[in-house]
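Q: Make the full structure from the sequences, and use the hints.
Protein chains in written order, with the numbering used here: chain A, 1 to 163; chain B, 164 to 493.
Hints are computed from structural coordinates only; laboratory data are not their basis.
Bear in mind the structure is a predicted one, so any value in this text is a computation, not a measurement.
Be aware that one or more of the hints could be misleading.
[Said to hold, decoys possible] Taking lysine-lysine pairs in the DSSO-like style, the calculated list, with each CA pair at most 27 Å apart, reads: (1) B:Lys332 <-> A:Lys18; (2) A:Lys79 <-> A:Lys11; (3) A:Lys98 <-> B:Lys244; (4) B:Lys332 <-> A:Lys11; (5) B:Lys434 <-> B:Lys485.
[To be verified] If the Cβ cut is set under 10 Å, some of the chain A residues that face chain B in the computed set are: (6) Arg8; (7) Arg56; (8) Gln70; (9) Pro103; (10) Thr106.
Think of the CB as a built atom: it goes at the ideal place given N, C-alpha and C, for glycine as much as any other residue.
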Amino acid sequence: MSSAVHRRMLKEYMAIQKNAATRPHLELLEPIQEDDLLHWQAILLGTADSAYEGGRFKLDIVIPTSYPIQSPTIRFVTKICHPNVHFKTGEICLDILKSEWTPAWTLESVCVAISSLLTNPEPSSPLNCDAANLLRCGDTAGYNSLVKMYTALYAIGDDNDDE
Amino acid sequence: MNFTPPPIPTDAPILAATTTATTTSSHAHADPTVAAAVAQPVGAVPTIVAAETMGTATTGAQGQEPQLTDEQILTQMQAIKDEEANLHPLVDRSVDLLELAQEYENGSETFKTKIQNLSDTHDRMRRSRGDGNCFYRAFAFAWFERVMLAIKSKPELHATAVRTIEETKDLLLAAQFELLAFEDFYQVTLETLQNLVHYTSDELLTAFQNDEISNSIVMHFRLVASAFLKTHQDEYAPFLEFGQTMDEFCSMHVEAMGRESEEMMLIALTKATHISIEVAYLSGNQSAVEVNFLPFLPDTAVYMPPLVLLYRPGHYDILYRKSHCLEGVI
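A: Below is the structure:
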């Protein structure tokens, strides 16, 4: 069981290093320690022209031994204001991480999907109701400034690496 | 071959590619294209919303429901499923069909009569675990067992099977699956097939009872069915629910482990592997005393008698026809 997942993670690791240049919003995706291929971290970069611009958002990724049949568990380590991310725990509400996971995904493609969730929030199924409510009542300006504030507070500068 | 070319020229899976392609509208909550393509957050959300509302409404009231996170709910659901599943091996030893009749001893007369009639032509059955993957597992086992039992009398069946599996790699690539994502499943499937040359019936059963081997094979056949549907969208998309794309259908119902299969998956797998299947429908329909047989045929010439699967509402097992049961297969 475990040898299969290690083989797979090693392959993913090599593929990620090769593709690094083609993923502008993914600054980093690697095992936290070289000898533990089941615990990874990633850093997403806020898209330019979005309220997350300038932010660096760290993800914690835990790979189950049954991966890729079962999905990885991914949460935000850096605090982020987003309708589909729990503000305190960093839990992400994204179908492909839950009920709609399929083994056709790789860590890299999942991170790209999370990155695109940032600019495509789904306020109808919120984990952060305050952020979602702003969007639901059409207050884009309010939403954007709230996101900008939290991005500046938690995701810009050095301190977000310490968490 | 018709499939949507991915907007990203890299090896990102088409799911992610679609995502990036449709990120134009900013946060429109009701745009189904964006919502769907962006892998919209769903799942246990209604529960959470409900729990929150309840929390505020009943402040101070007696013991509130514990608020579970999505992950906890999923873990619990998985635990319940596992518990159920572990009562049975992934693929069981074959048993006399009359054993199935005993299950219904105190039950429906209709079932008893139908099984009795079925036993005129079929004498054994083999159970596949009811974990949502039963069709794929039953199909793979029945096929591989056929090939194994004929390895001396009809070695060309083995060669054809190996070639067929090798060709599925091209099909998966044509459907834009990432080699990285599918090659482990593909390798295990191919190796198991190659091993049939020296396998005994017990060894084949052991392989299919091993989680890693068995699930890899299931996964490979799931991806093959999905790839076939994606590369034949013109023919199959009209059968989807309104507004659903083939990619959505495939990721939700075909590729994900544990999702039950419907007719469309049977058709896809039959055509992609050139293997014919005959499904014996054992239903509670009282107007008939005979089990209904439904054939699923490939587009190519049938070169081997169909694999027989026994269907009871929601579940597939393997059935063996008398004339070529086990040893005397072909």
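Q: Each hint: holds or not?
A: Here is how each hint holds up against the structure:
no., hint, in the structure
1, B:Lys332 <-> A:Lys18, "23 Å, holds"
2, A:Lys79 <-> A:Lys11, "30 Å, violated"
3, A:Lys98 <-> B:Lys244, "16 Å, holds"
4, B:Lys332 <-> A:Lys11, "18 Å, holds"
5, B:Lys434 <-> B:Lys485, "26 Å, holds"
6, Arg8, "6 Å, holds"
7, Arg56, "20 Å, violated"
8, Gln70, "8 Å, holds"
9, Pro103, "6 Å, holds"
10, Thr106, "6 Å, holds"
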